[in-house]
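K.L.:
Residues per chain are reported as follows:
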Amino acid sequence: MQDTLNLFVMNIGQWLSANLGTLNNPDQIIVEIARWLRTEFGNWGVVGFILANLMATVPLIAVFSGCFALTTWLERKGLGRIQNRYGPNRVGPYGLFQPMADGIKMLLKEDIVPERADKIGHFLAPVIIMIPAMTGLVFLPIGRNIIAASIDSALLFFFAIGSIVSLSVFMAGWASHNKFSLVGGMRAIAQLVSYEMPLILSAVVVVMFVGSMNTSVIVEAQQIKSWVTSDAPALQCLGQVLGWHVFQPWGLMGFLLLFVSALAEANRSPFDLPEADSEIIAGHLTEYSGFKYALFFLAEYVNTFAIIGICTTLFLGGWNGPNIRPPWSDDPQALLIPGFVWFFLKIFVLMGIMIWIRGTLPRLRIDQLMGFAWKFLLPLAIINLLVAGCFYHMEWYFGWPFSILILCKSYAIVVRLNKSKLVNSNRTYTYA
Amino acid sequence: MNTSTGYAPRNYKIVKHKDKTLLEVAMGPHHPSTHGVFRMDVKLDGETIIDLIPYFGYLHRNHEKLAEDMTYFSTMPYTDRLDYLCSMTNNWAYALTVEKLANISVPERAEYIRVIIGELTRLVNHMLLVGFYINDLGAIGTPLLYALREREKILDLFEWASGARMMCNYLRFGGIREDVSDEWLASCNKLVDAFPYFLDEYDQLLTGNEIVISRSQGVGVLSKELAINAGITGPMLRASGVNYDLRKTDSYSIYDRFNFRVPLGQFGDCYDRFMLRLLEMRESITILKQALRDIPKGEIQSKVPPVLKPKPGEAYGRIESPKGELGFYLVSDGSVNPYRYRVRPPSLINLTLLRDLCIGHKLADTIIIFGSIDIVLGEVDR
Amino acid sequence: MNGQGILKGMLVTAKNFFGSYVSRERLTTVSYPEGGNTIKEQSRNIPFLVFDGEDPVAGMRCTACQKCEKACPPQCIFIEKDKDERGKALQRPKVFDIDASVCMGCQICVEVCPFESIWMDSNFELSTFNRFEGLQFNREKLLKSNTYFHKIHPQQAQASDDRLAEKERKRLEREAARRAEKSASEPQV
Numbered sequence: 001m002q003d004t005l006n007l008f009v010m011n012i013g014q015w016l017s018a019n020l021g022t023l024n025n026p027d028q029i030i031v032e033i034a035r036w037l038r039t040e041f042g043n044w045g046v047v048g049f050i051l052a053n054l055m056a057t058v059p060l061i062a063v064f065s066g067c068f069a070l071t072t073w074l075e076r077k078g079l080g081r082i083q084n085r086y087g088p089n090r091v092g093p094y095g096l097f098q099p100m101a102d103g104i105k106m107l108l109k110e111d112i113v114p115e116r117a118d119k120i121g122h123f124l125a126p127v128i129i130m131i132p133a134m135t136g137l138v139f140l141p142i143g144r145n146i147i148a149a150s151i152d153s154a155l156l157f158f159f160a161i162g163s164i165v166s167l168s169v170f171m172a173g174w175a176s177h178n179k180f181s182l183v184g185g186m187r188a189i190a191q192l193v194s195y196e197m198p199l200i201l202s203a204v205v206v207v208m209f210v211g212s213m214n215t216s217v218i219v220e221a222q223q224i225k226s227w228v229t230s231d232a233p234a235l236q237c238l239g240q241v242l243g244w245h246v247f248q249p250w251g252l253m254g255f256l257l258l259f260v261s262a263l264a265e266a267n268r269s270p271f272d273l274p275e276a277d278s279e280i281i282a283g284h285l286t287e288y289s290g291f292k293y294a295l296f297f298l299a300e301y302v303n304t305f306a307i308i309g310i311c312t313t314l315f316l317g318g319w320n321g322p323n324i325r326p327p328w329s330d331d332p333q334a335l336l337i338p339g340f341v342w343f344f345l346k347i348f349v350l351m352g353i354m355i356w357i358r359g360t361l362p363r364l365r366i367d368q369l370m371g372f373a374w375k376f377l378l379p380l381a382i383i384n385l386l387v388a389g390c391f392y393h394m395e396w397y398f399g400w401p402f403s404i405l406i407l408c409k410s411y412a413i414v415v416r417l418n419k420s421k422l423v424n425s426n427r428t429y430t431y432a
Numbered sequence: 001m002n003t004s005t006g007y008a009p010r011n012y013k014i015v016k017h018k019d020k021t022l023l024e025v026a027m028g029p030h031h032p033s034t035h036g037v038f039r040m041d042v043k044l045d046g047e048t049i050i051d052l053i054p055y056f057g058y059l060h061r062n063h064e065k066l067a068e069d070m071t072y073f074s075t076m077p078y079t080d081r082l083d084y085l086c087s088m089t090n091n092w093a094y095a096l097t098v099e100k101l102a103n104i105s106v107p108e109r110a111e112y113i114r115v116i117i118g119e120l121t122r123l124v125n126h127m128l129l130v131g132f133y134i135n136d137l138g139a140i141g142t143p144l145l146y147a148l149r150e151r152e153k154i155l156d157l158f159e160w161a162s163g164a165r166m167m168c169n170y171l172r173f174g175g176i177r178e179d180v181s182d183e184w185l186a187s188c189n190k191l192v193d194a195f196p197y198f199l200d201e202y203d204q205l206l207t208g209n210e211i212v213i214s215r216s217q218g219v220g221v222l223s224k225e226l227a228i229n230a231g232i233t234g235p236m237l238r239a240s241g242v243n244y245d246l247r248k249t250d251s252y253s254i255y256d257r258f259n260f261r262v263p264l265g266q267f268g269d270c271y272d273r274f275m276l277r278l279l280e281m282r283e284s285i286t287i288l289k290q291a292l293r294d295i296p297k298g299e300i301q302s303k304v305p306p307v308l309k310p311k312p313g314e315a316y317g318r319i320e321s322p323k324g325e326l327g328f329y330l331v332s333d334g335s336v337n338p339y340r341y342r343v344r345p346p347s348l349i350n351l352t353l354l355r356d357l358c359i360g361h362k363l364a365d366t367i368i369i370f371g372s373i374d375i376v377l378g379e380v381d382r
Numbered sequence: 001m002n003g004q005g006i007l008k009g010m011l012v013t014a015k016n017f018f019g020s021y022v023s024r025e026r027l028t029t030v031s032y033p034e035g036g037n038t039i040k041e042q043s044r045n046i047p048f049l050v051f052d053g054e055d056p057v058a059g060m061r062c063t064a065c066q067k068c069e070k071a072c073p074p075q076c077i078f079i080e081k082d083k084d085e086r087g088k089a090l091q092r093p094k095v096f097d098i099d100a101s102v103c104m105g106c107q108i109c110v111e112v113c114p115f116e117s118i119w120m121d122s123n124f125e126l127s128t129f130n131r132f133e134g135l136q137f138n139r140e141k142l143l144k145s146n147t148y149f150h151k152i153h154p155q156q157a158q159a160s161d162d163r164l165a166e167k168e169r170k171r172l173e174r175e176a177a178r179r180a181e182k183s184a185s186e187p188q189v
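Sequence lines, in order, name chains A, B and C.
In this text, residue positions in the first sequence follow the working numbering: the first is 1, and each later residue adds one.
In this text, residue positions in the second sequence follow the working numbering: the first is 1, and each later residue adds one.
In this text, residue positions in the third sequence follow the working numbering: the first is 1, and each later residue adds one.
Errors might be hidden in some of the hints.
[As the list claims (entries may be wrong)] Listed below are the simulated BS3-like cross-link pairs for lysine-lysine, each with C-alpha atoms no more than 27 Å apart in a straight line: (1) C:15 to C:88; (2) A:77 to C:15; (3) C:70 to C:15; (4) B:311 to C:67; (5) B:303 to C:70; (6) C:15 to B:100; (7) B:153 to C:88.
Bear in mind the hints are in silico, worked out from the structure with no lab data behind them.
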């Protein structure tokens with residue numbers, strides 16, 4: 001053991017002198033360290049195997065839990081400012097330690113289980129909900145070569161795993177032995193069934209274009225290769241921005257559809273029906289308290305992160321951003337700013353938009369929600385799929401006007417078809 | 001099962017259910033959206049309301065009997081607690097009734113101040129209603145907090161005039177308790193001038209919002225006939241298209257001196273009820289502007305004996321409170337206490353139609369129909 | 001119905017979001033307790049008894065006439081008259097209790113008081129750890145000096161002082177008139 005440790009320390013020295021000295025690839029430092037650690041752990045037998053696997057997962061859990069804490073603070077602060085309040089400002093500077101205080105409070109609270117609840121289900125629901133939520137993060141390419149599991153069917157796996165969340169929500173609703181919980185659980189299932197379709201269909205467009213379901217490949221595909229490898233820094237910058245799928249007509253449409261479906265999938269306002277607080281108290285969360293409640297909350301936010309992470313990966317270029325090659329570097333792939341900076345920036349921007357929407361919009365009704373999914377998002381997603389297919393086979397000067405025209409027209413038609421006769425947005429009022 | 005299909009939405013057919021297959025949910029008495037302690041036992045088929053039984057009385061405080069054992073004057077602070085959002089108009093209705101009973105006249109300036117305060121109360125109430133209504137629709141309190149922000153400014157004025165923000169206890173028989181200063185009137189003027197901007201912002205935020213429109217149009221439609229038959233009053237009645245505003249028809253106090261219009265709804269659904277409040281606020285502002293322009297100097301309190309002993313007789317005084325017709329009925333037997341004291345609460349009477357409005361709608365609609373009726377449980381249960 | 005309404009609404013909230021950083025008109029929240037005193041002069045919360053001079057008991061204005069006790073709608077005032085050693089009733093209360101948990105701050109006691117003795121305090125920080133004794137305000141706790149009254153309600157206190165001075169002046173006048181009458185009638189005897 002002593003020898004192994006000595007060797008380990010010696011190896012660190014060697015590795016540092018070999019790699020850090022040149023700083024050829026500044027965005028790859030973490031990757032290099034991880035790769036080296038993994039080879040190091042390879043010599044350690046079973047312990048090494050466990051450590052190598054933990055190394056892939058623990059940072060994910062730690063980082064996204066940290067993001068969760070930050071987001072709760074951001075959300076409360078943002079909502080506060082939207083509503084002309086201060087938001088939390090008592091614990092720590094600008095109330096930054098509020099999530100910690102909340103966490104401690106949650107841990108210390110009594111865990112109440114209703115007398116007639118299904119005890120096992122009631123206990124398992126918050127545990128199970130963590131699994132798909134956390135698993136979804138595995139497929140996110142956070143930076144160049146920074147991904148926990150780069151598998152070829154990542155996207156498929158992601159959507160398959162993601163739908164388990166609603167199962168657990170329904171489990172919570174059923175096991176709580178509370179009618180409000182039950183209604184919430186039923187709503188969650190209905191919502192899942194409706195929103196999985198447009199969600200996947202709008203994501204499929206990208207798969208069609210890139211020809212791979214591997215998220216790393218999808219992100220790589222969103223660069224204009226010739227520009228990125230050129231020598232002009234401006235071209236390098238633009239090459240990593242203009243290649244995003246969102247800057248193409250089908251991509252914009254797909255992004256909007258995916259984002260709206262993501263709102264529903266993550267139970268965010270205005271689709272937060274399963275926990276509609278003004279109607280069914282807190283839905284499936286009604287009978288949960290203490291740490292179980294906190295787990296639900298954590299899972300919900302991590303799930304949100306996973307879904308907007310996928311949005312970012314598919315349409316917003318993942319870790320691509322206005323980035324240049326470091327002047328001293330000779331590696332054509334090298335980046336000055338690590339990719340995960342852009343990735344988390346995009347995630348927080350999307351999160352901010354979600355908070356903004358939450359602060360503005362009222363909630364839809366359950367039948368309108370389903371109608372919205374089936375009659376509005378689904379047709380548009382299918383049309384988008386067709387348009388993307390045509391776009392792929394057309395020259396750009398023909399494909400652009402064609403797809404813009406078709407998408408705008410179909411949007412207008414779908415809106416008109418969805419218009420209820422009972423509803424009139426320009427009512428006039430008479431005065432006596 | 002006795003269901004009144006006439007008011008269900010057109011596309012919904014009520015099927016005969018065996019009661020056992022329905023999900024019965026007791027919404028309340030502790031429910032975030034019942035605005036107090038109110039219970040609705042709903043029977044659900046999926047999410048659709050098949051039956052709804054309202055239960056109230058959780059907040060019963062024996063208000064009427066209590067008032068019969070007290071002097072006329074001592075009841076005044078208790079009327080604050082009826083509709084605790086609009087204590088000023090409650091005071092006004094009670095004072096009006098006693099003045100009718102005991103033949104007390106009110107000085108000019110006091111009448112003007114009453115009108116100003118009453119219309120400010122209407123602003124407070126309607127603002128809160130609209131805020132809470134959108135809150136019931138599911139917005140995380142943003143419109144509500146905007147409303148509360150503006151309401152604070154009015155409550156500051158109330159505190160300045162009467163000493164209290166909500167339980168004002170400001171009106172007296174034959175006048176008001178304390179005169180308002182010129183600075184008060186100036187800041188009131190300032191508030192009234194700034195208020196339309198807030199309403200514009202509100203309009204921009206809500207009236208065109210697709211979700212608000214699709215959630216509330218065609219929901220909880222109240223027909224003209226039913227509204228009249230059920231004795232509905234206030235904005236809820238006018239949303240159904242009935243032109244009945246006590247400020248016009250009764251022109252109590254000095255309302256005949258002001259030039260204002262009464263907005264009328266066409267369909268009587270939740271959206272009309274919501275819009276009508278927004279429109280009424282604008283009319284209130286025109287009244288306030290005229291009142292603040294014309295207010296004379298002078299006495300604020302006419303001579304009233306310290307212990308009031310009205311001649312035997314009866315009186316019914318009513319005003320257009322923000323929620324509807326608020327009436328007080330008093331019978332005097334010549335002693336210091338009223339022999340009979342009765343409140344006609346607009347909240348309670350408007351609430352009686354809840355079942356008819358809700359049946360056939362979704363669970364979420366119940367909440368917004370309930371919210372659009374505009375009740376305060378303090379007044380419903382008394 | 002194609003999304004403009006939602007976008008317009010989102011613009012409004014964005015305006016408020018940024019507005020809350022620049023405009024006091026929007027961000028009306030006052031932090032408690034560091035936000036300072038925002039109580040209006042007219043604010044009323046719970047009654048207190050005014051005394052003149054330094055000694056609370058000697059300078060007490062209250063004469064235990066029990067008018068407020070009778071007028072109080074929730075009947076939260078309890079008054080017992082003070083007696084001297086021989087059992088003769090004195091013009092001041094021995095017990096003057098207000099149950100703060102019952103009092104609703106309606107100010108009716110102030111209006112009926114003929115001696116300018118009971119007034120409304122604007123102090124709202126009344127929470128205690130004991131709801132029985134802590135909210136039972138006795139005479140010692142209720143008695144506050146005229147200076148304090150002047151501090152919290154300057155206008156009301158001044159008006160009250162003026163009325164008292166006027167009363168005192170009239171009383172002196174009456175006494176002087178009586179004395180003059182007496183002295184005028186004496187020599188004739």
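K.L.:
Against this structure, judge whether each hint is valid.
P.N.:
Going through the hints against the structure:
Distance hint between residue 15 of chain C and residue 88 of chain C is unfulfilled; the C-alpha atoms sit about 72 Å from each other, more than 27 Å. With a CA separation close to 16 Å, the supplied pair residue 77 of chain A and residue 15 of chain C stays within the 27 Å bound. Distance check on the hinted pair: residue 70 of chain C and residue 15 of chain C sit about 55 Å apart at the alpha-carbon level, beyond 27 Å; violated. A threshold of 27 Å between alpha carbons decides the hint, and for residue 311 of chain B with residue 67 of chain C the separation of about 24 Å falls inside it, so the pair holds.
As the CA atoms of residue 303 of chain B and residue 70 of chain C are separated by approximately 22 Å, the hinted pair is consistent with the 27 Å bound. Restraint check: the Cα-Cα separation between residue 15 of chain C and residue 100 of chain B comes to about 50 Å, which exceeds 27 Å; the hinted pair is violated. The hinted pair formed by residue 153 of chain B and residue 88 of chain C fails the criterion: a straight-line CA distance of about 54 Å is larger than 27 Å.
Going through the hint list in order, the structure does not satisfy hints 1, 3, 6 and 7.
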